[in-house]
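Below, each chain spelled out in residue letters.
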Amino acid sequence: MKGLAQKLRTGQVTSVQLVQHYLDKIQADDPKVQAFLYVDWEGALAAARASDERRKLGKPLSPWDGIPIAVKDNICTVGMPTTCASRLLEDYYSPFDAAVIERIKRAGLPVLGKTNLDEFAMGSSTEYSAYHITHNPYDLSRVPGGSSGGSAAAVAAGLCPWALGSDTGGSIRQPAAFCGVVGLKPTYGRVSRWGLVALASSLDQIGPMGRTVEDVEILFSLIAGYDGRDSTSLPDAAYHCSASGPDTLAGLRLGVPEEFFGNGLCPEVAASVRRAITLMESLGAQVQPISLPHSAYAIDTYLTLVTAEASSNLARYDGVRYGKRVEADDAWDMFRKTRTKGFGPEVKRRIMLGTYVLTASHHEAYYEQARRVRSLITQDLEDAFAAVDVVVTPTTPTTAFRIGEKQDPLQMYLSDSYTATANLAGIPALTLPCGFDSRGLPIGIQLLADHFREDLLFRTGRLLERILGEVGE
Amino acid sequence: MISRAEVVRMAELAMLELNEVEIALYQADLNRFLQSGAELRKVNTQEVRLSSHVGRASSRMREDVIQRSLPQEKALRNGPCVVDGCFRVPRVMEDVR
Numbered sequence: 001m002k003g004l005a006q007k008l009r010t011g012q013v014t015s016v017q018l019v020q021h022y023l024d025k026i027q028a029d030d031p032k033v034q035a036f037l038y039v040d041w042e043g044a045l046a047a048a049r050a051s052d053e054r055r056k057l058g059k060p061l062s063p064w065d066g067i068p069i070a071v072k073d074n075i076c077t078v079g080m081p082t083t084c085a086s087r088l089l090e091d092y093y094s095p096f097d098a099a100v101i102e103r104i105k106r107a108g109l110p111v112l113g114k115t116n117l118d119e120f121a122m123g124s125s126t127e128y129s130a131y132h133i134t135h136n137p138y139d140l141s142r143v144p145g146g147s148s149g150g151s152a153a154a155v156a157a158g159l160c161p162w163a164l165g166s167d168t169g170g171s172i173r174q175p176a177a178f179c180g181v182v183g184l185k186p187t188y189g190r191v192s193r194w195g196l197v198a199l200a201s202s203l204d205q206i207g208p209m210g211r212t213v214e215d216v217e218i219l220f221s222l223i224a225g226y227d228g229r230d231s232t233s234l235p236d237a238a239y240h241c242s243a244s245g246p247d248t249l250a251g252l253r254l255g256v257p258e259e260f261f262g263n264g265l266c267p268e269v270a271a272s273v274r275r276a277i278t279l280m281e282s283l284g285a286q287v288q289p290i291s292l293p294h295s296a297y298a299i300d301t302y303l304t305l306v307t308a309e310a311s312s313n314l315a316r317y318d319g320v321r322y323g324k325r326v327e328a329d330d331a332w333d334m335f336r337k338t339r340t341k342g343f344g345p346e347v348k349r350r351i352m353l354g355t356y357v358l359t360a361s362h363h364e365a366y367y368e369q370a371r372r373v374r375s376l377i378t379q380d381l382e383d384a385f386a387a388v389d390v391v392v393t394p395t396t397p398t399t400a401f402r403i404g405e406k407q408d409p410l411q412m413y414l415s416d417s418y419t420a421t422a423n424l425a426g427i428p429a430l431t432l433p434c435g436f437d438s439r440g441l442p443i444g445i446q447l448l449a450d451h452f453r454e455d456l457l458f459r460t461g462r463l464l465e466r467i468l469g470e471v472g473e
Numbered sequence: 474m475i476s477r478a479e480v481v482r483m484a485e486l487a488m489l490e491l492n493e494v495e496i497a498l499y500q501a502d503l504n505r506f507l508q509s510g511a512e513l514r515k516v517n518t519q520e521v522r523l524s525s526h527v528g529r530a531s532s533r534m535r536e537d538v539i540q541r542s543l544p545q546e547k548a549l550r551n552g553p554c555v556v557d558g559c560f561r562v563p564r565v566m567e568d569v570r
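Chains A and B, in that order, are what the protein sequence lines are. Residue numbers for the first sequence follow our numbering, beginning at 1 and rising by one. Residue numbers for the second sequence follow our numbering, beginning at 474 and rising by one.
Since the hints were made in silico from the structure, they are not lab data. Hints should not be assumed to be uniformly reliable.
[Claimed, not checked] Computed cross-link-like contacts, BS3-like style, restricted to lysine-lysine with a CA-CA straight-line distance of at most 30 Å:
#, chain 1, residue 1, chain 2, residue 2
1, A, K105, A, K7
2, A, K56, A, K25
3, A, K406, A, K348
4, A, K324, B, K515
5, A, K406, B, K515
6, A, K56, B, K515
7, A, K105, A, K56
8, A, K2, A, K56
9, A, K406, A, K32
10, A, K337, A, K348
11, A, K32, A, K337
12, A, K341, A, K406
13, A, K105, A, K25
14, A, K324, A, K341
15, A, K341, B, K547
16, B, K547, A, K105
17, A, K348, A, K324
18, A, K337, B, K547
Whole structure, please, built from the sequences with the hints as guidance.
The following block contains the structure:
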């Protein structure tokens, strides 16, 4: 991204040319990939023209002014639809921009359009979109992952230079790993959720996706920051890009939790991640085994909490204030018919599960128990970060699976086995590509750090990315 | 095991209408989900404190200052049925006359 910024600064390229390039790419390649739900052909060019005017006057809004971006369609944007890939919100136009959109507009980034997702971000393959399936650019017969599959596929296919996603249990990192791009789930409270359509409010975070660790760090610095409209926003949320440090990981304590390398992990993924760990060791990192004993419960804890919170959050879709309404004589009938017609099967499944775990008779046994186990998982990580600086794991148990391969929802949920832990604990987690399997599909490695230590993730990720490039991965 | 009647009750609470096929499907899904999460309920959590917040987040009140909110016209724009500055819905109260 620094190269693009340099070209814009020196006049080698204009924002209009840049935006036109990506629009041409979208026109040519998106019919195959289907990453976008909406492309703002005219709005993106208008924003680019405004950016070029600012540059002519010597008043760019930021070094990145004029570099376009794609946005997941559960983030509210004025002037274009925000559908959450649901039929229920088919005609919904948000009357306000999400806080992150305000921030990227203040930095001068034209928005190319809105990317596909699983309906209301519930899924791990983007197959649960009510509109169309997105395809993995590495193999069009495979899924891009999800729920931010549209954003990941758009970056991987070169349809945009970077993108925004959201991550509740792995929805940035799992698709980033499947599509061979970089993605960050920030510390909970560091990026405002104001204007992000809520799935599970105690887990959701918006985060950046891009082609390199450096690009993701730059985009993170643009979107992080305190926002009084999000009651969980942290006062010291802002992030400033770290200066490039020494070319060594000397002194970095790297923890490898063996629980993440057991049953269910594809051997090719394990081998690739272990090779990356060896490379980090060669850069001076001190690698040590650690244990996260409650991580085996992460996915069930996550599912209990996410369904409970989702059933509550999605109660707002009643056909009164927004969204499609199915008319009926009686108000209760109208609510039921609207929700029944508007929600897809996976959304209904999660609402049903969530309603069950929140009922008075099951609340203590399921929901409260999950909250308590969440505390144990968080404590495991606190103990780990007393001994190590960064925890390293595979991002996903497998590489991208075939479209239609996972018909069983429980199997689909296991895609998030390694990523949900970071959401439960609220810590930051970065995924970057670390190799390919024998089919040529990308493999991701996940780095976890303590709250507010994104700087450590970016520093470690940059060096790992470089050495992987040097050895030809 | 979750019974058919419980699934129907959940659907009522969730404001969803399910046909027979869906009732059977969600009954099976709910049972499999609860079976898979059985281990979770065996974890000893008697001594575990329940935290309402994630990480360093905590409840904070913002300053009690009047701020601009959405104008009425914008707030109503997405309403499926808007009449005289209000969202119109079918009758909610029963006629008591």
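Quick one: which hint numbers does this structure break? Sort them smallest to largest.
4, 6 and 11
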